[in-house]
Amino acid sequence: MALAPVSDRLAADATSRRRPVRPQGRAPGRVPIGYLFVSLYTLLALAFGILPAVYAVFLAFTKVDGGFAGFDNFVKVVTDFRFVPAVLHVTFYLVIWLIMLVVFVVVLALIVHAVKVRWAGTALRFVYYLPGALAGASSVLLWLFVLDPTASPVSGLLRLMGMNSFVQVIQPGNLPAIFAIIAFWTGAGGWIVIMYGALNNVSSDVIEAARIDGANAVQIALRIQLPMLRKWIAYMGVMSLAAGTQLFVEPQLLSQASNAVVPNDYSVNQLAYQYAFQQNDFNGAAAISLILLLVALLLSWVFVTRGGLFEKE
Amino acid sequence: MTTQSTAPHRVSGGRDSGDRVRGGRVRGGRMRTQGGRSVAGLILVLFVLFFVIPIIWLLFAVTKSSHALIVSNPFSVGSWADFVANWNQLFGFQDGAVTLWIGNSTFYTLGALVITLVVSIPAGYALALTEFRLRKALLVLTLVVMLIPSTALVLPVFLELNTVGLIGTPLSVILPMSFFPFGVYLTYIYFSTSIPRDLLAAARIDGCSEIQVFTRIALPLAAPIVALVAFFNFVQNWNNFFLPFVMLPSSDGYPIQVGLTSLLASTPAFNPSSAGSDSVQLPTLALATIVSILPVLIVFLFSQRFLVAGMTAGGTKE
Chain A
1 MALAPVSDRL AADATSRRRP VRPQGRAPGR VPIGYLFVSL YTLLALAFGI
51 LPAVYAVFLA FTKVDGGFAG FDNFVKVVTD FRFVPAVLHV TFYLVIWLIM
101 LVVFVVVLAL IVHAVKVRWA GTALRFVYYL PGALAGASSV LLWLFVLDPT
151 ASPVSGLLRL MGMNSFVQVI QPGNLPAIFA IIAFWTGAGG WIVIMYGALN
201 NVSSDVIEAA RIDGANAVQI ALRIQLPMLR KWIAYMGVMS LAAGTQLFVE
251 PQLLSQASNA VVPNDYSVNQ LAYQYAFQQN DFNGAAAISL ILLLVALLLS
301 WVFVTRGGLF EKE
Chain B
1 MTTQSTAPHR VSGGRDSGDR VRGGRVRGGR MRTQGGRSVA GLILVLFVLF
51 FVIPIIWLLF AVTKSSHALI VSNPFSVGSW ADFVANWNQL FGFQDGAVTL
101 WIGNSTFYTL GALVITLVVS IPAGYALALT EFRLRKALLV LTLVVMLIPS
151 TALVLPVFLE LNTVGLIGTP LSVILPMSFF PFGVYLTYIY FSTSIPRDLL
201 AAARIDGCSE IQVFTRIALP LAAPIVALVA FFNFVQNWNN FFLPFVMLPS
251 SDGYPIQVGL TSLLASTPAF NPSSAGSDSV QLPTLALATI VSILPVLIVF
301 LFSQRFLVAG MTAGGTKE
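Line order of the protein sequences matches chains A and B.
Following our numbering, the numbering of the first sequence begins with 1 at its first residue and continues without gaps.
Following our numbering, the numbering of the second sequence begins with 1 at its first residue and continues without gaps.
Here chain A stands alone, though its shape is the one from the complex (with noise of 0.2 Å):
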């Protein structure tokens, strides 16, 4: 997402441009114009944000009769023997992958930033970004073929750990960590690109005062230019986690193709859908999407407050 870069400026311009804008936008005795303007959005806003939202709410706190259930669907999910698995699964890519994301995202920027050569510097660029645009089920089916010993481009290295056959790569210890692999092939490039635009914005007036003052290109990295990255580390971590929680198509495809090696209740949000499509409960699915929504909405709420998106409005 771009817009973390453009966020300051929306705090900026919420305090400078704003107070001019009050006498042209609404001529007198007219009905405002925004009305017009902001009225199918406001309608989608409300069918496809709020209201799937409350009707979720709905769902989950009745029975399947439509009486009052007060928190059974929650009780019950909760302690479906599929939950604490799904929920570890999911912790568990979420602290490899997040762990990954934060070093090697930010080793790379600073490498990449430091490269003086302008093509090299685009061209890293480029193929760092290149995977992202392979998402959803295409960046999965790659990865089975480079995870299966007998086609992969890296079959070397696969036999070298000691695994020649894709079922015992896809043993559910190495579930975690091949997730992580995949989300960081697809996404790293981005958030690269992102803390790669951050660090040109450290000015080079201060950072060619740490040189003459003796720091080398790591103590610069350490003391300056990775406190100036703090937001969009803390920025990238919150949005990472947020889609992270929501996993599902890697395992489902992964348990499509393993004979069900990998369970097709691996994440939460296949667990969810498990309910809705192999129950048939809808009540039971809507609580778990419930609690996936409260745990997205709380880490939005956490950025939204603490990030200082709204700090001068």
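These are computed hints drawn from the structure, not numbers from a lab.
A couple of the hints might just be wrong.
Negatives, chain B to chain A, calculated, CB over 12 Å [said to hold, decoys possible]:
1) Ala81
2) Phe91
3) Gln94
4) Thr99
5) Leu100
6) Gly103
7) Leu110
8) Gly165
9) Asp206
10) Pro220
11) Ala223
12) Ser250
13) Ser251
14) Asp252
Stretch by stretch, here's where chain B covers chain A in the computed footprint (C-beta under 8 Å, at least three residues) [unchecked claim]:
15) 37-50
16) 102-112
17) 137-143
18) 148-161
19) 269-276
20) 291-300
Just so you know, even glycine gets a beta-carbon here, dropped at the ideal spot from N, CA and C.
Starting from the known structure of chain A, arrange chain B on it as the hints suggest.
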């Protein structure tokens, strides 16, 4: 996930010139030791390999027979005949299902794209440049929903559309995809920062109605941001998996991303039980992967320069 992976190249684009200016001054100081330099170089190269090897392998794989794929060097070229055979197998799968899925993808993606533009651009304009009650509430709502991963709302949207009987229709995919708060936000930022208000005021004094101000003055100036919103929306729609997977029960309605699962299910190498009359070989599945991303790749490659140029032009128009 998808916006996240597509948005950023814009960020760096406008800053290359600043980078160049500064390059002269700091050159040589950054990686002082030879050792540090080679470690950094090694890391860069390793990650280049990590990111490109799967893609390069994929390009070679589609030119091989399934036997050659396993026995020959992963990076050797196969033959044209094998490529044609793979092509024919892919497009012959279930009497041309792949063509149907690509058509569906195109329809859903473009349908949602048109609605998104018609809805988002005026909304972003109004949020930025006009005043009305609930304006701030709508802005906060946009920001919050934008930060929620779109997959979090898929099941609730399904439950909602299920009660109104839209499941299985194209609308069940197109309408939710048309709700694109990120696009509204981008437009809002653009109009808040890059359109001179004097220009709009002058147009009003000259007798333009509010709608004329928007269509004749603001919209032409906003062409780059319209392109940008269209680009992100296109990529996100085309790659969307979970939403159509849930909304469309019939194979006839699948977009290509969901269709890939049908191909995967018919691949004996991954599903030994599926060896049947219409089974798919590995190189064919590889070809399906390429075909499924081709439109995004083409749009991406062609629009990169244009989008970057558009953004920087938009920023300096004042």
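A quick look at each hint next to the structure:
1. Ala81: holds (20 Å)
2. Phe91: holds (17 Å)
3. Gln94: holds (17 Å)
4. Thr99: holds (17 Å)
5. Leu100: Fine: 17 Å to the nearest Cβ keeps Leu100 (chain B) off the interface.
6. Gly103: Label holds. Min Cβ-Cβ 17 Å, cutoff 12 Å.
7. Leu110: holds (17 Å)
8. Gly165: holds (15 Å)
9. Asp206: With a cut-off of 12 Å, Asp206 (chain B) remains clear of chain A, as the shortest Cβ separation is near 14 Å.
10. Pro220: holds (17 Å)
11. Ala223: Non-interface label on Ala223 (chain B) holds, nearest chain A Cβ at 18 Å vs cutoff 12 Å.
12. Ser250: holds (14 Å)
13. Ser251: holds (15 Å)
14. Asp252: Answer for Asp252 (chain B): holds, closest chain A Cβ roughly 18 Å.
15. 37-50: As far as the segment 37-50 of chain A goes, the hint holds, because 11 residues have Cβ atoms under 8 Å from chain B.
16. 102-112: holds (count 5)
17. 137-143: This one holds; 5 residues, not fewer than the three required, reach chain B with a Cβ under 8 Å.
18. 148-161: Satisfied; 7 residues make the cut.
19. 269-276: holds (count 4)
20. 291-300: Per the Cβ count (6), the hint holds.
Hint compliance for this structure: no hint is broken.
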